[in-house]
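Just so you know, the protein sequences line up as chains X and P, in that order.
Residue numbering for the first sequence follows my numbering, starting at 138 and increasing by one per position.
Residue numbering for the second sequence follows my numbering, starting at 138 and increasing by one per position.
Calculated directly from the structure, the hints in this document are not laboratory data.
The beta-carbon is built from N, C-alpha and C at its ideal position, and this holds for glycine as well.
A few of these clues could be false.
[Claimed, not checked] Below, a list of computed lysine-lysine pairs in the DSS-like style, where the Cα atoms sit at most 25 Å apart:
#1 Lys237/X to Lys361/P
#2 Lys465/X to Lys438/P
#3 Lys296/P to Lys361/X
#4 Lys319/P to Lys404/P
#5 Lys274/P to Lys350/P
#6 Lys361/P to Lys274/X
#7 Lys223/P to Lys361/X
#8 Lys237/P to Lys296/P
#9 Lys381/X to Lys465/P
#10 Lys319/X to Lys438/X
#11 Lys359/P to Lys223/X
#12 Lys438/P to Lys465/P
#13 Lys237/P to Lys274/P
#14 Lys223/X to Lys438/P
#15 Lys274/P to Lys361/X
#16 Lys361/P to Lys237/P
#17 Lys480/P to Lys361/X
#18 Lys319/X to Lys404/X
#19 Lys296/X to Lys268/X
#20 Lys480/X to Lys223/P
#21 Lys359/X to Lys223/P
#22 Lys262/P to Lys319/P
[Unchecked claim] Which bits of chain X does chain P cover? Going by a derived footprint, with three or more residues having C-beta under 8 Å, they are:
#23 140-153
#24 263-273
Number of protein chains: 2
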Amino acid sequence: MTQSFHPNERTLMGPGPSDVNPRILEAMSRPTIGHLDPQFIGLMDELKELIQYAFQTQNRLTLPVSAPGSAGMEACFVNLVEPGDKVVICQNGVFGGRMKENVERIGATAVMVEDEWGKAVDVAKAEEALKANPDAKILAFVHAETSTGALSDAEALCKLAQQHDCLTIVDTVTSLGGSPLKVDEWGIDAIYSGTQKCLSCTPGISPVSFSEKAVEVISNRKTKVQSWFLDMNLVMGYWGEGAKRAYHHTAPINALYALHEALVILKEEGLENAWARHQQHHKALAAGVEAMGLSFVVDAKDRLPQLNAVTIPEGVDEAAVRSTLLQKYNLEIGAGLGALAGKVWRIGLMGYACNQTNVLLCLGALDAVLTSMKAPINSGVAVNAALDIYG
Amino acid sequence: MTQSFHPNERTLMGPGPSDVNPRILEAMSRPTIGHLDPQFIGLMDELKELIQYAFQTQNRLTLPVSAPGSAGMEACFVNLVEPGDKVVICQNGVFGGRMKENVERIGATAVMVEDEWGKAVDVAKAEEALKANPDAKILAFVHAETSTGALSDAEALCKLAQQHDCLTIVDTVTSLGGSPLKVDEWGIDAIYSGTQKCLSCTPGISPVSFSEKAVEVISNRKTKVQSWFLDMNLVMGYWGEGAKRAYHHTAPINALYALHEALVILKEEGLENAWARHQQHHKALAAGVEAMGLSFVVDAKDRLPQLNAVTIPEGVDEAAVRSTLLQKYNLEIGAGLGALAGKVWRIGLMGYACNQTNVLLCLGALDAVLTSMKAPINSGVAVNAALDIYG
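If we strip away everything but chain X, and leave its shape as in the complex, we get:
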């Protein structure tokens, strides 16, 4: 007979999920109530405000999609894009490619602007593409590429899109809560994120938000949204204003308890403090990594503090390193993805996991494992280099 499942306690320093704050796990295990219960309606109102805070927006259409970030991406595309539309997509990693899949499955045209993996999106190239495609309806890009650790200039890209009368769709799965992000100030029209990165919540939910301009576009579509489940015209009826909520689908009650608690924690800390904390521990990690002699894929100025893509030393079996870290230290770091598969490790410093203990554990364990494998690194110096930063 199959038994109950009891996982090890891991330290999660991969590309997400990240370590979940025990307060969030506890919140998630509170008694389930109905999705139309007045208490739950109250929770929904608070959740909306908390997501607005995290996104720095007043957008009315702000809510958690009842599925992971990939579904949040799809929600943005299927609601704003109609068959025959043209979308300019800046791709500098895996997730731009996924945007292309979304656009093409709607029967729309994706104009790809390719940047090297590990570089930030080149604003000048995006401008060229918009000039060459005056009929483009939307500019889409990834703010923080989880596959490479590159941060792009969302503010400049949004300004550019506005100059060309384009809406913007922005992937902030990895940036939300870890890097500065200001939806209203920057003028983002549609944004999606995930719960399992810098919010340190369990995976499975995708906060999204749409500007008034985007809502107008959704309300005036010529065709029905191709996904019934993700149709914001219908979802709005449940997540709309006030106590009158129309049933659309059953909300994932306990997962929303968890997200609520994650956002309460973020608000307690304060966004600016959270952003600063990610920078601080990234600096310490980077000092250790570089002291070992390893290097970063992304230039320092474009580097995400929460996602560190680090090159693998010559001749090392990278999978064996990850496997040993997991077995000996219960420590998870991530493999490379897409074009960087086999070439980098991705070390996450996200949300609750972004702390001094984890930085020192990661550096110490990586140093020890690489040294035991006789990898060409400077052994035994990483932890001290990080401690120097902490002072």
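Could you slot chain P onto chain X? The hints should help.
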């Protein structure tokens, strides 16, 4: 500052979510691990076997969709239906209408076979429709209509579909774990369910399964599946056989811990025992309801034990009754939906919530509230009528 959320402990006897077994809440709050962690891969293998057991199938393509039942429905339709296809849908409640929405948003044709709300699907009418539409590719219907409490003869409908060379898509959101359901024996091709009904798990996940014939149709599509997130050709890469799992989207780790525990509990009890338990407590509830002088929407022979649609006595403010039950007894029962809105209450007896204590609480509380409102019922007899059944 927004505070942590602390819900009341409710007794959930609506149309779902139902009361969640505390073992499941505890399992859900175990430490999050990575979605590619070998321990998690082990959990996935077990989950697949457990869902196969619950569905009574050997289908290889059996997995939990990372979103609620509505997304499970959409997964079945967008994978099997292509633009221009014809689908015969038997509608006898709200959820058949949702199937129509799904089919039409694919650019396919829905041929509707309408049955009265509260009746089982009429197999003879379905046969007429299939004869009149020899080009139909799929027959779709709801096994257990959550909006009315009617159970349809899935075995007969599947046999009929096979005679007409049609695939079947079957909604078992409310039947799974509560009523006999045998995917392989009946020859169901695509099936979806939910976690928050008779599995007594938290809402948010949708178990699905596809026959070999259905997998072949999905593999040989002329067009790409319109949803990237729900594309089984891609999802299979992650949920496929063995240890080699390709990343598609981040699985909702803790929600899957919960579903695993729910299915372990179901297997411990045994499917047949669970089905019998639902019948037993339904009989007691029905005796009490009828002793009060209230009646059922659905004929006894087609009645779902887990979803009891009960008519509202003349002159009673039905919303006030539900509100009082919630406030005074922390008891949730459901309102009517669609054509039955304002005409019935829906009393759920699902999974963990299907027990003697809940039956007696519900009858006693309903009796007391209706009596206090001077409703035209036989007061003070309901609980004893149920106790007579328990003997």
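Here is how each hint holds up against the structure:
{"no.": "1", "hint": "Lys237/X to Lys361/P", "verdict": "holds, 13 Å"}
{"no.": "2", "hint": "Lys465/X to Lys438/P", "verdict": "violated, 60 Å"}
{"no.": "3", "hint": "Lys296/P to Lys361/X", "verdict": "violated, 34 Å"}
{"no.": "4", "hint": "Lys319/P to Lys404/P", "verdict": "holds, 15 Å"}
{"no.": "5", "hint": "Lys274/P to Lys350/P", "verdict": "holds, 12 Å"}
{"no.": "6", "hint": "Lys361/P to Lys274/X", "verdict": "holds, 23 Å"}
{"no.": "7", "hint": "Lys223/P to Lys361/X", "verdict": "holds, 19 Å"}
{"no.": "8", "hint": "Lys237/P to Lys296/P", "verdict": "holds, 22 Å"}
{"no.": "9", "hint": "Lys381/X to Lys465/P", "verdict": "holds, 22 Å"}
{"no.": "10", "hint": "Lys319/X to Lys438/X", "verdict": "holds, 19 Å"}
{"no.": "11", "hint": "Lys359/P to Lys223/X", "verdict": "holds, 23 Å"}
{"no.": "12", "hint": "Lys438/P to Lys465/P", "verdict": "violated, 34 Å"}
{"no.": "13", "hint": "Lys237/P to Lys274/P", "verdict": "holds, 14 Å"}
{"no.": "14", "hint": "Lys223/X to Lys438/P", "verdict": "violated, 55 Å"}
{"no.": "15", "hint": "Lys274/P to Lys361/X", "verdict": "holds, 23 Å"}
{"no.": "16", "hint": "Lys361/P to Lys237/P", "verdict": "holds, 20 Å"}
{"no.": "17", "hint": "Lys480/P to Lys361/X", "verdict": "violated, 31 Å"}
{"no.": "18", "hint": "Lys319/X to Lys404/X", "verdict": "holds, 15 Å"}
{"no.": "19", "hint": "Lys296/X to Lys268/X", "verdict": "holds, 14 Å"}
{"no.": "20", "hint": "Lys480/X to Lys223/P", "verdict": "violated, 48 Å"}
{"no.": "21", "hint": "Lys359/X to Lys223/P", "verdict": "holds, 23 Å"}
{"no.": "22", "hint": "Lys262/P to Lys319/P", "verdict": "holds, 23 Å"}
{"no.": "23", "hint": "140-153", "verdict": "holds (count 11)"}
{"no.": "24", "hint": "263-273", "verdict": "violated (count 0)"}
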